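Chains as they are written, first to last, in UniProt numbering: chain A, 1 to 320; chain B, 1 to 320; chain C, 1 to 320; chain D, 1 to 320; chain E, 1 to 320; chain F, 1 to 320.
Honestly, the hints are just simulated from the structure, not real lab data. Any given hint could be a false lead.
[What the hints assert, rightly or not] The calculated DSBU-like cross-link candidates involving lysine-lysine, where the alpha carbons are at most 30 Å apart (straight line), are:
| no. | chain 1 | residue 1 | chain 2 | residue 2 |
| --- | --- | --- | --- | --- |
| 1 | F | Lys-137 | E | Lys-260 |
| 2 | B | Lys-24 | F | Lys-151 |
| 3 | F | Lys-253 | E | Lys-253 |
| 4 | C | Lys-151 | D | Lys-260 |
| 5 | F | Lys-24 | D | Lys-85 |
| 6 | D | Lys-253 | B | Lys-253 |
| 7 | F | Lys-151 | B | Lys-214 |
| 8 | C | Lys-109 | A | Lys-25 |
| 9 | D | Lys-231 | D | Lys-260 |
| 10 | F | Lys-32 | B | Lys-24 |
| 11 | C | Lys-32 | A | Lys-49 |
| 12 | E | Lys-32 | A | Lys-49 |
[As the list claims (entries may be wrong)] Sample of chain C residues with no beta-carbon within 12 Å of chain B, all distances over it, derived:
| no. | residue |
| --- | --- |
| 13 | Gln-7 |
| 14 | Gln-9 |
| 15 | Asp-12 |
| 16 | Gln-22 |
| 17 | Glu-45 |
| 18 | Ile-53 |
| 19 | Arg-88 |
| 20 | Val-96 |
| 21 | Phe-121 |
| 22 | Ser-173 |
| 23 | Lys-231 |
| 24 | Lys-253 |
| 25 | His-271 |
| 26 | Asn-281 |
| 27 | His-309 |
| 28 | Phe-312 |
Note that the structure is predicted; figures quoted are calculated from it, not measured. All C-beta atoms, glycine included, are put in the ideal place defined by N, C-alpha and C.
Protein chains: 6
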Amino acid sequence: MKNGVQQFQVGDSIDAYVLIKQVKKGIASNGKPFLSLQLSDQTGEIDAKLWAISAEDEAVFRAGTIVHVQGDVQDFRGQRQLRIKSLRPATAMDHVRPEDFMPTAPRNKEDMLEEVHQYIFEMNNAKIQRLTRHLLKKHQQAFIMAPAATKNHHEYASGLIYHVVSMLHAAKSLAQLYPSLDTDLLYAGVILHDMAKVRELSGPMTTEYTLEGKLIGHIPLMVTEIDNAAKELSIEGEEVMVLQHMILSHHSKPEWGSPKPPLVKEAELLHLIDNIDARMNMLDRALERVEPGEFSERVFGLENRSFYHPSFTKSSADPT
Amino acid sequence: MKNGVQQFQVGDSIDAYVLIKQVKKGIASNGKPFLSLQLSDQTGEIDAKLWAISAEDEAVFRAGTIVHVQGDVQDFRGQRQLRIKSLRPATAMDHVRPEDFMPTAPRNKEDMLEEVHQYIFEMNNAKIQRLTRHLLKKHQQAFIMAPAATKNHHEYASGLIYHVVSMLHAAKSLAQLYPSLDTDLLYAGVILHDMAKVRELSGPMTTEYTLEGKLIGHIPLMVTEIDNAAKELSIEGEEVMVLQHMILSHHSKPEWGSPKPPLVKEAELLHLIDNIDARMNMLDRALERVEPGEFSERVFGLENRSFYHPSFTKSSADPT
Amino acid sequence: MKNGVQQFQVGDSIDAYVLIKQVKKGIASNGKPFLSLQLSDQTGEIDAKLWAISAEDEAVFRAGTIVHVQGDVQDFRGQRQLRIKSLRPATAMDHVRPEDFMPTAPRNKEDMLEEVHQYIFEMNNAKIQRLTRHLLKKHQQAFIMAPAATKNHHEYASGLIYHVVSMLHAAKSLAQLYPSLDTDLLYAGVILHDMAKVRELSGPMTTEYTLEGKLIGHIPLMVTEIDNAAKELSIEGEEVMVLQHMILSHHSKPEWGSPKPPLVKEAELLHLIDNIDARMNMLDRALERVEPGEFSERVFGLENRSFYHPSFTKSSADPT
Amino acid sequence: MKNGVQQFQVGDSIDAYVLIKQVKKGIASNGKPFLSLQLSDQTGEIDAKLWAISAEDEAVFRAGTIVHVQGDVQDFRGQRQLRIKSLRPATAMDHVRPEDFMPTAPRNKEDMLEEVHQYIFEMNNAKIQRLTRHLLKKHQQAFIMAPAATKNHHEYASGLIYHVVSMLHAAKSLAQLYPSLDTDLLYAGVILHDMAKVRELSGPMTTEYTLEGKLIGHIPLMVTEIDNAAKELSIEGEEVMVLQHMILSHHSKPEWGSPKPPLVKEAELLHLIDNIDARMNMLDRALERVEPGEFSERVFGLENRSFYHPSFTKSSADPT
Amino acid sequence: MKNGVQQFQVGDSIDAYVLIKQVKKGIASNGKPFLSLQLSDQTGEIDAKLWAISAEDEAVFRAGTIVHVQGDVQDFRGQRQLRIKSLRPATAMDHVRPEDFMPTAPRNKEDMLEEVHQYIFEMNNAKIQRLTRHLLKKHQQAFIMAPAATKNHHEYASGLIYHVVSMLHAAKSLAQLYPSLDTDLLYAGVILHDMAKVRELSGPMTTEYTLEGKLIGHIPLMVTEIDNAAKELSIEGEEVMVLQHMILSHHSKPEWGSPKPPLVKEAELLHLIDNIDARMNMLDRALERVEPGEFSERVFGLENRSFYHPSFTKSSADPT
Amino acid sequence: MKNGVQQFQVGDSIDAYVLIKQVKKGIASNGKPFLSLQLSDQTGEIDAKLWAISAEDEAVFRAGTIVHVQGDVQDFRGQRQLRIKSLRPATAMDHVRPEDFMPTAPRNKEDMLEEVHQYIFEMNNAKIQRLTRHLLKKHQQAFIMAPAATKNHHEYASGLIYHVVSMLHAAKSLAQLYPSLDTDLLYAGVILHDMAKVRELSGPMTTEYTLEGKLIGHIPLMVTEIDNAAKELSIEGEEVMVLQHMILSHHSKPEWGSPKPPLVKEAELLHLIDNIDARMNMLDRALERVEPGEFSERVFGLENRSFYHPSFTKSSADPT
C-alpha cells in the first residue's frame, strides 16, 4: 500500500483496503437508514456515507472490520469525504490483517522496550530496580501494544511505551540540570506511572474503558499492583510507599484524578514531564498539516486552543 | 473524679489530675519564656499559662503527660483560663492512666463491635460477608480504639466505630424506604469505608497523620487492603471490585479525595449517609452548650457557619 | 389498556390511544415539513415522526392532544420509534381523558394526603401545627396534584406529595437516631418546603414555569405565604421566622437558590433529606431498565453520571 | 469641639470628649489585664490602650460610652495612638449626647427625605407611586437614620438615605441617555431596594445584624413587605410582582444573595447603579487622606485593592 | 428600498437586493449539496436555503456579495425563512453598494466625531489632551467606521464611536455626582479604551479578528500605541503611564483580559461605564421586538438570560 | 567571613557584620518600643529583637544598614534567635560593602552573561537575533544584577539571569527531543520573557515593585520594549509580533497575568520550561535543610505543600 488514506486528494478515484474505525447509523428524511463510516489505515482517516442500507449491510459493516472500498474523494464543508461506489468486507482471500491498519507509534516497539530495559539496568537502588523490572515483566506483552489514552495524545498502538520512552529521555536531560534529583526514583515513576492503562483500557483496537477502568481507574489499580509486587518479592521499606505515592500523585491535582498532590521532588517532576510530553505530542499533531501563516483546528486537550504556525518558522511537517 | 474540666467555673479553686493535650512555647516581652498549655480530661479542655519556665519545665511538661495541677479559674476574653499555682507531673504513685483522660465515644466499644458483627452476620452474599469479616478481624483491635478524624467530627477514642454503628442504623432505616438497595453491599461499604484510618492516623492519643497517611491516604490504602483480602480468601468476582469502588468513591468528588465519583447506587447512598452522620455529630456538639436564643461558635467543618438555637425548641443539651 | 407504551417492542403492530406530550416541527431536505412527536401514556414514552404534514395537521396535532394511532415499532439508533400508519385526534366518542395518560406517582394521592395530616396531627407545638395545617388546607387541591419539578425527579402528577411523604418517613427514621432534633419543626419544614411549587409551576400537564415562578420563585413565594398565614392566624413568635428560615435555606447554597444557608439544625437536615430523596428517586428511575452488568444512560440531575448495575445485586426492576 | 479626632497629630496633648466605639480586653505578659479602645467622634477614630485595669474599669468603659479623655498622641507602627493619662465616663453634667459622636452622612437627612418624596411625586404609574409612598411612610423614621451597611460603604447614620438619593440622581442621568427605561419602576426600585435594612440591622449605633437579619435577610423581608403593602392598599397587577422582582434581583447573582438574576431591564440597571454608588463611596473614602503619588490602604469591599492617587490629578481631599 | 428585510412578513412575496452575510454549505440526504444563506440589509437578517447547487453557484454566492433575490417568506420553527425562487449576483448595472447594506449605528458618524473632539477640546491637562488628540487623528478614518465588537454589542459599522460617545455622556453625568473625579483622565480613557479595535478587528464588513488581534489583542496594542505617541510628542510624566493603566485595566479582571485591575479611581469608573453602556445596548436590542408580557430570546452577552417586558411599561420599541 | 549567618548554632556567641534586611517596630506591654530585626548575609537570615529603643536607635537601624553585632544565639519556638548584647552601624572604617551581604545567585554573573550571548550568537534568524541582542545590550547592566522576583523563587541578586541561563539549557535539551521546535524563537523568548523585571522591580536590594511595575507590569512593558526596538532597528515582519506574543502569553492563563494564552508551539514550551525551572528552584531550596525522613516547611509558591525527603534518596544538601 504505497499511498495511504492520508494521501487521498479531492478528485482521486480510490480502490483500497481500509479499516472501519467507527460506524453510526442515521435515518434520512426519506425514511431510509444510512451508515456514517470512519475509514482508516495507519496513515489517517476519512469519512464516508453508505446510503440506503439493508439490515444485512448493518450487520456486516461494523467497527473493526476491514473492507475493500471503491469510490471518489469529494469536498464536504472543507473536509475530504469518500463517495462510496462499492464496498465489501475483506475475506481470508484478501490477505489483510487488522493490525496493519491500526495507527501505530512511529518507532519499533522492540527497540523502545530495549531502551526501557536499559534505564532499569542502570538503576542503583536494588529495591526500586527489582520492583520496576518485575512489573514490566508481568505486563510486558500488553505494555508494548497499549495506547496511552483513548483520545487526545498517544492514542495509537504502542503509544504508551512511546510516551514512556520519550519521558525517560526528557527525565535524563532535566536530571542533569537539577542534580539533586534521584534518577532511580524518577525513572521508575516514569516507567510505571501509566502501566495500569493495560488494565484500564481495552487494547489498541477501538480502545474503550474496561469495567475496572471505569470503577477503579489506572491510578488506584497501579498502587495495588505495586503492593502486590512488593509482597511477591518480599521487598519492604520506604521505596515501596514512595513509588506508590509517585503513581498516586502523577496527575497532580485531585480534580485531575490524583487523591494526593506530589509531596516528593521526583513526583513533582514526573508530573511536569508527563505534561510536557503530552502537550508536545498534541502540538506536533495539531500543527502537522497546518501551512505557515495558518491556524490549526481547536485542540481539545490543549484547553481548546487553535494554534498558529508562524510564516517564518521551519515547516512543522518536515521536522528532520 | 466527680467533677471534670468541663465543670470548672470562673472563681473555682482547682486541685486535679489533668492531661496536657497541647503545649506551645512563647517568649514574653521581658525576654522570659513561658508555656501555653491545653489541659484536658474526658469531659473537656481548659487553657492555662505557665510563666517564666526553666529549661527543665520545658522538658517535663510535654503533650501526653498527666499532671497534678492546683490553681484558680479566671475569665480571659470570655473564656475560662486556669491560673496555675502549682504543677507537677504525675508519677506511678498517683495511680492515673492516660486513657482515663482521653475523650471517648459515648458508648461502650465492645457493645458497638457486637452490633457491627450482627450486621455482618445477617448478610446473604457470602463473598461480601467473608471479605468484611476478614478485614474487621484483621484490624479489630485498632478499629475499636481509633478516632474517625483528627478534628471536626468523631475525633475521639472509639470515634470511628461509633460513626460506623450510627451509619449502619441510618443505612438500615433508609434501605426500608428505598427497597431496591442491596443491603449487603451497603453495610459492607459502611463498615469498611474508613477502616484504613487505623493506618492513616496515629491512634486515639494526640492523633496525627502517619507517613503513609500523608503519602497514600486511607482511601487507596483500603482499596489495596480489599485486594489483599480477596487474594488471601481466594475470592473472585465483581463483588471485590464493586466493594473497592464503594471505598474509592465515598468522598464523592475528586476535590474531596475520591478519584471516582459513586457509579453504583449503594455507593451514592454510602456517601450521603456518611455526610449526614458527620454533620449531625458536628451540629450536636456545636449546639451542646448554646442557650436557646443564642448562636453557636463558627463550625469549620460546616462551611464555617454559626448555628442558631431557637428559643422554642427543646434543649439540645438534654437530648434524652 | 392492558399493555402500555412502555411495553411496545420492536416489530409490534400498534393500535392505541396515546397523548402527544411534545411536538417539534422540522423541514426535510425535500422542502416538506414534518412533525417529531413524543407519544406517551402513564407507562412511558415513544418517539414518532409524521412526514409531509399539511397546515391542518400542524394545527390539530398539538401537545396535550390525545390521539388514536396505528403503526409499527421500529428500531432507530438503538431506540424504539413508532412508524405511523394512521393518526387522528380522539373525540368525545372515544371516551378517553387526558388525566388517564399523565405519568403519575405510584401511590394514591388521598392516602398520601392522609399520611401528611397524621404527621401534622402529632405535632406538639401549636403554632407550628396551626401554620402548617392552614397552609396545607389553603393549597390542598393543587398540592396533591402538583409535580415536584419540571424534570429530573418526581416530575409527574402528585410527584410533590409523593416526595413530601417519602421525606417525612426519612425524617422520622433519622430523628430517632439523632434525638436532639425538634420533629415539629422538621416535619413542618418537610411539608412546606416546596409547597409554593403549586404557584411556581403550571400544573401536572405539560408543566412550565409561571411568570411569578420565573420572576420570584417558589422559595420567596413561600416565605411570603408563611408571613400571610401568621398574620391571618394572629400567630406571633420565633416559630414563624424559623419556619421561614427553613424554607429559605432548604437549597443550602446561594448558587442553588437559597439566599441564606441553613443556620438551624433542623434546616440542615431538611436539606440533606431533600437531597437524599431526590437522588434515590433519580437513581431508581435511571436503573429501572438497566440489566445487571450494564451502565445506565447519563443522568443530568446526578452530575451527568452513568450508573452501573452490578451483576450480583438483586434486580432493580423488581424491588419487591 | 473645634478640632475632632481626625485632626489629632502626633505630639498633640489632647483634652476631649470621645465615644468608645469598640473595646477589647487583653492580658499582658505581666499577667495584668488591659483594654484596647477605639475612640471616635464624627470626624474619625483613634486607638488607645488602657493598661492595668481594674474590674470596675472593665464594667464602666464599654462600647457606646462617652468619655472624657486626656493624653498624648504618639506614633505606633505608622499609626496614631493615644497614650491615655486620664479617663472618666461623661455624666449628665457634661452635657454631651451619643448622637453627636456618631459618624453621619454629609447631608441633612430632612433635605434628603424631601428629595426622595419629590421623586415619588413625579411618578406617573399610580400603583407604583402608592406602594412606594406607603412603604416609605411606614418605615420613614428608621429609614432616615439607618446606615446602609455594617461596614465597607455608607456605614454611618443616614447612610442608607444618602445612598438612595445618590442613586436616584444617577438613575435620572442615565435614564436620559437610555430613554427606553421606565423611570417609575427604576426610581421605586432604588427607593425600596435596601429599605428592609431597617429590619436587618440594629440601627446607626454599634450596628449589628438582628436575628431576622441573620435568618431571613433584607431581600426576602422586603419582598414580603411589598406583598403586605399591596394587600393593605388593595393593589393588584403585575407592578407588585415586578417590584418584588426588582428587590429580589438587585444583588444580581445568587452567590451575592439574589435568588433570581435581573430579568427586567430596570432591574439590571438598578443593580449597576447600586454597584457604582457603593464603589464610588468606597473609593472616595479610601483616597480621602492619600497624598498624590501615594497608594491607599487595601479596601476590602473593592477586591482588596490598594488605589493610587496620581500626582497630577486634583486633590481627592478637596473635591469642591 | 422602502421596506427592509426586518419588515418581511410570512406570506410576503419578495423582490429585493440583499447582502449575503454568511454562507454555509451542506449536503442533503439525496447526496446533493445546498447553501444555507444569511441575507441582510441595514434593517436586519433573514435565513434562506439554496437547494441543489452547482459548483458555479458555490463560487458566486459568497459572503459579502450583493444579490438580487425573489421568493416567498415562510415560517420555519417559529422563524421567518425565505424560499428562494430566483437568485443572481448584482452587477454594476444594478447600482448598489455594499455599504448600503451594512448595519450601521443609528447616528451620523461625522456628528459623533465632532462630539468627541468637543470633549477633547474642553480638557485642561495639556499632556492628556495632546495624546488623545494625536491618537484620534492617527486612527480617525478607521475609528469612525469600526464596529465595537464582532458580536454581542455595538457590532455594526460606526459601533465603536457610537459606544464611545454614549460612554462620554454617561461619564459627564456621573462626574457631576462624584466631583472628585478627574474628567480629563476619565474622558481620555473613554476615547482611547477600545481604539485599538481598529487593529484588532478587520473592519465593519464581515468582521473578523486580525492576526495581531488574535496574538496580541487590542489592550496591549493600545498600551504600545500610547507609548509611541508620547515618544513622538516628547511627552513625559505620569500622565502617560496612568493613561496606559486606564487602557490596561478597563476589562477589570485578568480572566476578562486585563492583566492589572483598575488601581486608579477613574480607571474603576471607566470599567463600570463601559459595562453599563454595553449592557444597555444589548438590553435595548434584545427587547426591541418583544411584546409586553413576553420574554426575549436568551442573550449570550448577558449571562444567557431571557428578559421580560412587563405589560405595564411603555413600549421598548417606541422609546421616543 | 568564614562562617556566615546560616552557620550560627544555638549556644554560639556571635561577633559579626550583618545587613539589616527588615525592621518592624513594636510596643511592649510595659509601653516601651522595640525593634524586630531580620539580620542577614549572603548565607542566610536570623531574627533578633532590640528592646527598649530610643528615638535615635529607630532612626539609625533601618533596612539596608550594615551593622556590627555581638550577642548569643538562642532557641525560640524551634527557630534560632539572636539575643543582642551590642549593636552599632558600620562606618567607613569597617570596610564593608552592602553588596557583600546580599544573597546572590550561585554562579558568576559575567560567566552567565557570556552563555546568554553564546545562545544569541548561534541564532539563524537575523531579525530575532538583532532584536534580542539589542534589548539585552540596552538593559544589560540591570539584567545581570536583577532578581527574578520579590519572593518565592530566584529572589536574589543575579537571580534573573541565573533563571534565564537555566531555562536556556532546559530549552536546548528539550528541543533535541522535539525537533520541530524553532530554537531561535524559543531561545529569544527565554532571554526576553522576564527582562522587563528590571523595570518592574526596584533592584537586588530590598526588592519592591516600582510604580510602573504596579500599574503596568513587566509583561505589557516588555511588549512595548520589543515594539520600540523593532522601530529603532527598522525591523518589520511577523517575527516582531510573534516575539511579543511569546512574552504576552508566557504566564499561560489570564488569571496568572497573560491576556493571551500561548497560541504558538514555542510559546507553550516557554511557559512549561519557566514553570519547571521555578518549581525546581523552589523545591531545592525548600528541601535544602530537610533531613531524610522529614517534611519541609510549607512552600507558598508550590500550592502551600510541605515536601517529604525520602529516607533512601541521596542528600538534597549534597547534590554534587
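Taking the hints in turn, this is what the structure says about them:
no., hint, result
1, Lys-137/F to Lys-260/E, "holds, 29 Å"
2, Lys-24/B to Lys-151/F, "holds, 29 Å"
3, Lys-253/F to Lys-253/E, "holds, 12 Å"
4, Lys-151/C to Lys-260/D, "holds, 19 Å"
5, Lys-24/F to Lys-85/D, "holds, 26 Å"
6, Lys-253/D to Lys-253/B, "holds, 25 Å"
7, Lys-151/F to Lys-214/B, "holds, 27 Å"
8, Lys-109/C to Lys-25/A, "violated, 44 Å"
9, Lys-231/D to Lys-260/D, "holds, 23 Å"
10, Lys-32/F to Lys-24/B, "holds, 26 Å"
11, Lys-32/C to Lys-49/A, "holds, 23 Å"
12, Lys-32/E to Lys-49/A, "holds, 13 Å"
13, Gln-7, "holds, 21 Å"
14, Gln-9, "holds, 24 Å"
15, Asp-12, "holds, 28 Å"
16, Gln-22, "holds, 29 Å"
17, Glu-45, "holds, 22 Å"
18, Ile-53, "holds, 42 Å"
19, Arg-88, "holds, 40 Å"
20, Val-96, "holds, 33 Å"
21, Phe-121, "holds, 20 Å"
22, Ser-173, "violated, 4 Å"
23, Lys-231, "holds, 19 Å"
24, Lys-253, "violated, 9 Å"
25, His-271, "violated, 10 Å"
26, Asn-281, "violated, 9 Å"
27, His-309, "violated, 8 Å"
28, Phe-312, "violated, 6 Å"
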